[in-house]
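Undergrad: One-letter residues, chain by chain:
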Amino acid sequence: MVKALLRARFLQLFHALLRSGRKGKQRTGGGLVLYALLMLYVLGIFCWLFGHMANTLCIPLYQLELDWFYFAMMAITAVMLGVVGSIFSTKSQLFEAKDNEMLLAMPIPPKWILLSRMVVLYVQALVMILVAMVPTAVVWQVQIGMTAAGWLFFALSMVLLPLVALVLSCLLGWAVALLTARMAKKNIATVVLSLAFMAAYFYGYTQINTLLQTLIANSETVAQTVQKALYPFYQFGLGCLGNPVGFLLFALCALAVFGIVYGLLSRSFTAIVTTNRGGKKIRYRERALKVSSVDRALLRRELVRLWSIPSYLLNGCMGSLMIVIGVVYLIIKGETVSLLADAMPELRIVGVALGCLLILFLVGLNYLTCSSVSLDGKTLWLAQSLPVTPWQILRAKLRMSYLITMPPTVLACVVITCVIRPGVVGTVLLVGISLVYCVFHGMTGLVLNVKMPRLDWESEAYAIKNSGSVMAAGLGEMGLLLGLGLLVFALRDVASLEVLLVCCLVLLAAATWFLYRWLRTKGAERFSTLS
Amino acid sequence: MLRIEHLTKRYGDKTAVDDVSIHIHRGEIYGFIGHNGAGKTTTIKACCGILRFDSGEIYVDGVSVRENPLECKRKIAYIPDNPDLYDYMSGIQYLNFIADIFAVPQKERQERIHQYAGLFALTADLAQPISAYSHGMKQKLAIISALIHDPQLVILDEPFVGLDPKATHQVKELMHDICNRGGAIFFSTHVLDVAEKLCDKVAIIHQGKLLRSGTMEEVKGDESLETVFLELEEESHG
Chain P
1 MVKALLRARF LQLFHALLRS GRKGKQRTGG GLVLYALLML YVLGIFCWLF
51 GHMANTLCIP LYQLELDWFY FAMMAITAVM LGVVGSIFST KSQLFEAKDN
101 EMLLAMPIPP KWILLSRMVV LYVQALVMIL VAMVPTAVVW QVQIGMTAAG
151 WLFFALSMVL LPLVALVLSC LLGWAVALLT ARMAKKNIAT VVLSLAFMAA
201 YFYGYTQINT LLQTLIANSE TVAQTVQKAL YPFYQFGLGC LGNPVGFLLF
251 ALCALAVFGI VYGLLSRSFT AIVTTNRGGK KIRYRERALK VSSVDRALLR
301 RELVRLWSIP SYLLNGCMGS LMIVIGVVYL IIKGETVSLL ADAMPELRIV
351 GVALGCLLIL FLVGLNYLTC SSVSLDGKTL WLAQSLPVTP WQILRAKLRM
401 SYLITMPPTV LACVVITCVI RPGVVGTVLL VGISLVYCVF HGMTGLVLNV
451 KMPRLDWESE AYAIKNSGSV MAAGLGEMGL LLGLGLLVFA LRDVASLEVL
501 LVCCLVLLAA ATWFLYRWLR TKGAERFSTL S
Chain Y
1001 MLRIEHLTKR YGDKTAVDDV SIHIHRGEIY GFIGHNGAGK TTTIKACCGI
1051 LRFDSGEIYV DGVSVRENPL ECKRKIAYIP DNPDLYDYMS GIQYLNFIAD
1101 IFAVPQKERQ ERIHQYAGLF ALTADLAQPI SAYSHGMKQK LAIISALIHD
1151 PQLVILDEPF VGLDPKATHQ VKELMHDICN RGGAIFFSTH VLDVAEKLCD
1201 KVAIIHQGKL LRSGTMEEVK GDESLETVFL ELEEESHG
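First to last, the protein sequences are chains P and Y.
The first sequence runs 1 to 531 under our numbering.
The second sequence runs 1001 to 1238 under our numbering.
One thing to keep in mind: the hints can contain errors.
As the list claims (entries may be wrong) - Heads up, simulated SDA-like pairs for lysine to any residue below, C-alpha to C-alpha not over 20 Å straight-line: (1) Y:Lys1075 x P:Thr389; (2) P:Lys378 x P:Val388; (3) Y:Lys1107 x P:Tyr284; (4) Y:Lys1138 x Y:Lys1172.
Worth flagging that the hints you see were computed from the coordinates, not collected in a lab.
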């Protein structure tokens, strides 16, 4: 029974990797290799970041004879990464999965349903923990050297550490589910909570060097606190140094907390997933209905959906939000930049290039169109049966993307122009490249999602976060920007920066035109046959 | 009103619908019966312009679905067997959206929503998100949305699944009402008693092929529809 449940869960998890979302056919070898390379790229970046952190902490803590604290600190950071990255997916996968009621109706004990879901979350946590802890062990081995017992207990602890992350994300996910369940504006509450978690994460990330220095400077005090307040991590650290008692105590703690939380959740699982805690019933009062054109109605549908799915709103508007934050920051610091631009007028065009690069990067963080087709899911029949052309539907998705992306982009261009005063050519290039990229970005995402839709999801999170089109859009656009940036840098002696930026604008416009033609013809045709 | 001529649809090597021809006139209620996987939904989806077909032709009021799908869709209302609607909208948002797509004038949409939501006792729930609706409520909303543009042809796939007895009765009344106003109904069902009492004509499909079609009397003779259906099924297996 558990085996069957697990097989179903893992089939779902690896669906995007092994099968095409459109018809469920096996992916080609090339597709699999490409997907694996993309995953390795992402994991590689995270490994590098944690390796850098481990490298900074390793020698100073060794010299202070706080070896255990090195492993404990890295484990705490890894667990934090696992928790922050999975609270909302834990909430949706454990308590809001659409097949919960179907499974509960089957002769399966609820504890097994819960366990099968937790195993998948455990695997996800394991990946995140390994991304942080493998570089930790490698750095220690290279700099100091690990004993055979240390390696053994470290490897065994890697199986147990994700349990700690899993327990914390389950409890927080449960708390968030309870907190938002009775709220009238559930979506807003979820978005605000998500932003708070992300803000804390980004603050920590931007302050990492300062934090590391403070940590090293006050390592003994911090170590004493960790030893008392986070005792299992102290034992974890000892275990990684080859201490069998330390490992055993850590293992005991990890298994005990997991057992307690699993017991608590499995007792109340049925009640949690079946109790309707929805807010007050809103009674309909008849009033004049607003009449709209077909195009406006289709656009409104896209916007209503965006507003009603918190994870879509977050993934789709993060770039715009960051542009607005950047604009506020630039307004505050604008005087310094203006003085610099006045002192070195030849750098104004460099400012334009950097401004473009930053705007383009942030625009690329708005993951809207790359999941908008997938989100139609089981309701695709509606769009296909209504008297509208496939292109009208695709165009509404593009317009939603422009509506979210373009206003902050224009605002950013205005502020950059006011601050660095780049002249007519510089301004035209800044505005031109930024706006053309907004169109290019929307179309790229849509092309990818029409080609790689994921329509059979049980939770929206799979369409919004786990689909191939989202990953390809994010990494592909990042690679494109990196390529363009390097090309401009490499050719800086061959042509002026203005000429190179004009070339970028022309290239982007040409690519956008190509994407537009494809969407209007083959894309629309393909969309009309999706099922 | 609906003319299906030599319709054939294949999925790879499998022929889901094989040379099916059906003619439905204005004022007729036409039942489409067959076992699961017989080809009913495929035929229905092809009529609604959702599914491309390999050969044959479908005309809605003389307009080809293949050549002018939008024109046909404007005349049709389609209600699927499983009403997966836009969960993120409220009932009223959804109805207004459908009315916008069919360009229903404000006065008419207001009147029809008032009339049909009242008929199905759904008015009070129209401000609720569709995600909070039960299966039956979704089915009722799908029916209201189908009627909002006063379609000439209503195509329904298993329309009575999930409906309470009162709503089932009202749907049957509405079907008659549409036909009396010059429209036509084409629907699939497994409930043979309902088909026998409700339909003017009926077609029985088995493994993509039409076994029998015509007026109810022509198809069943003196026997019950259930007996004829089971006999035909057995013959085709034999």
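Undergrad: Taking the hints in turn, state whether each one holds.
TA: Status of the hints after comparison with the structure:
no., hint, verdict
1, Y:Lys1075 x P:Thr389, "15 Å, holds"
2, P:Lys378 x P:Val388, "18 Å, holds"
3, Y:Lys1107 x P:Tyr284, "18 Å, holds"
4, Y:Lys1138 x Y:Lys1172, "18 Å, holds"
Violated hints: none; the structure is consistent with every hint.
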